[in-house]
Amino acid sequence: MDESDIRRFLDESYPKVVGAVALVAGDLATAEDAVQEAIVRAWERRDRGDRIDDLEPWVATVAMNLSRSRLRHLRVERRARPRLVAAATTDGPSGDAIDVRRALATLPRRQREAAVLRFYLDRTTEEIASAMGTSHGTVKSQLAKARAHLADALDVPDGEKESRNADV
Amino acid sequence: MPTSDGTLERRIRAAAPRTDAAGDMLERLVARKHRRAVMRKVGTIVTVVVVIAGTLAAFAAVDARPATQPAAPSPSQSDAVGGLGLPYPICDISTIPLPTEKGPGSAAVFARADDGCPPEFADKTVDVGVDFNGDGNLDATTGPVPDCFTKCEAFAVADLNNDGVPEIAVSTEGADGYGVYLYAIETSPPSIAPITKDGDPFQFAWAAVAAHADAAHCEISDRGKGTLVLTDATFEPPDASVDSVSFLIEGTIATKIGDRHTTVPLNQAPEPTDQLCGAPIHGSAGGV
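Protein chains in written order, with the numbering used here: chain A, 1 to 168; chain B, 1001 to 1288.
Treat the hints as calculated values from the structure; they're not laboratory data. By construction, the Cβ of each residue, glycine as well, lies at the ideal position given by its N, Cα and C atoms. Keep in mind that a hint or two might mislead.
Residues from chain A shown here face chain B by an in silico Cβ test under 8 Å; the list is partial [said to hold, decoys possible]:
hint: 1; residue: S4
hint: 2; residue: R8
hint: 3; residue: L28
hint: 4; residue: I52
hint: 5; residue: A97
hint: 6; residue: P108
hint: 7; residue: Y120
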């Protein structure tokens, strides 16, 4: 990984990864800060001679972990609040986006991470298990619970439940 | 793939906040990398200073300690499923006393256990409730407490605005300290609701790590109004840079009423103590 890899990441992957972390962390400023921190850490690793094969999933995983930092969240929020409020007046989320973000926010953290990795970043359950440091079975269970909760909260027919009922 | 997945994918993708890497992002990342290198050096120096100061303070405390010390209040915590008069099973209950005119009540933080009690807090839905008359049943509940990463606990029952009615503080343990969420209560009719600022749950940090400390205290004006002052100290030996932000809490609304920046000697930097506005801090955060 060198500077051109970082430039490519900023051009191609940065908005998507920030969006994913923002959905998990609950706010954009924390996500931007966490993703930038993760990129710098990846860069430092390269300086130490470590190898990162695929920058996007590495940064996404590290940034999601960093966004759990309570102190980071609060400090960043304090600095960024005026800027975000100003931005919201011109580019506020739609009503449905607010509903979706609220529904995600009421999920337990790991269900939320699994849901965002699956439904937003389109990761397989194996990739999610690797990113979350857990088993394939646990991810399937987390996703099933998240799917049921989101389907209920967002008034989406739970296809998995319906297909089970149809089998009975 | 179940049909709902496609709908969820579409709606979640549309709901994600949008951002682009600014044109000078690479330069900002370079500057950030440099700052991290500097902070690592500062952190090493501060750690040495703190260890020496802590050792000296420990010797002084041993000399000054009274023969018997009052026992620090600690929350009762249980892994048992059930209780508090709720119509669903719960677990990981932490409670702290909440004396009211109705009796020796309590505030409780607990996890729902509809499908059993998950071993990790990151998998739990955590609520908070109050028992005003001490009959063991919660009279009002609200939730979920946002982002219980590692552990959520009852933190303190403290009258932050000096109006005679305490607020309930709940701690969420993070990787490098605690976040504290606040809840307003009313005894008649019984209610509990999150305190918010600008529509979002109001929270503050409670942490002391290598190069900075975040804490809170109360100040009372000449007219008897109480304000909550959040402090954010960054250690820059031999001084500390302190940002303070004051909030007025009225009902469920927190309003920022002022801020200031000061530089103080390192040993005068505000840090978390074992109290929040005169009320003892419970649970694992009490030892920050």
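Against the structure, the hints:
1. S4: 10 Å, violated
2. R8: 11 Å, violated
3. L28: 4 Å, holds
4. I52: With Cβ-Cβ at 15 Å, over 8 Å, it is violated.
5. A97: With a closest approach of 4 Å, the A97(A) hint holds.
6. P108: 5 Å, holds
7. Y120: 5 Å, holds
The structure does not agree with the numbered hints 1, 2 and 4 stated previously, though it agrees with the rest.
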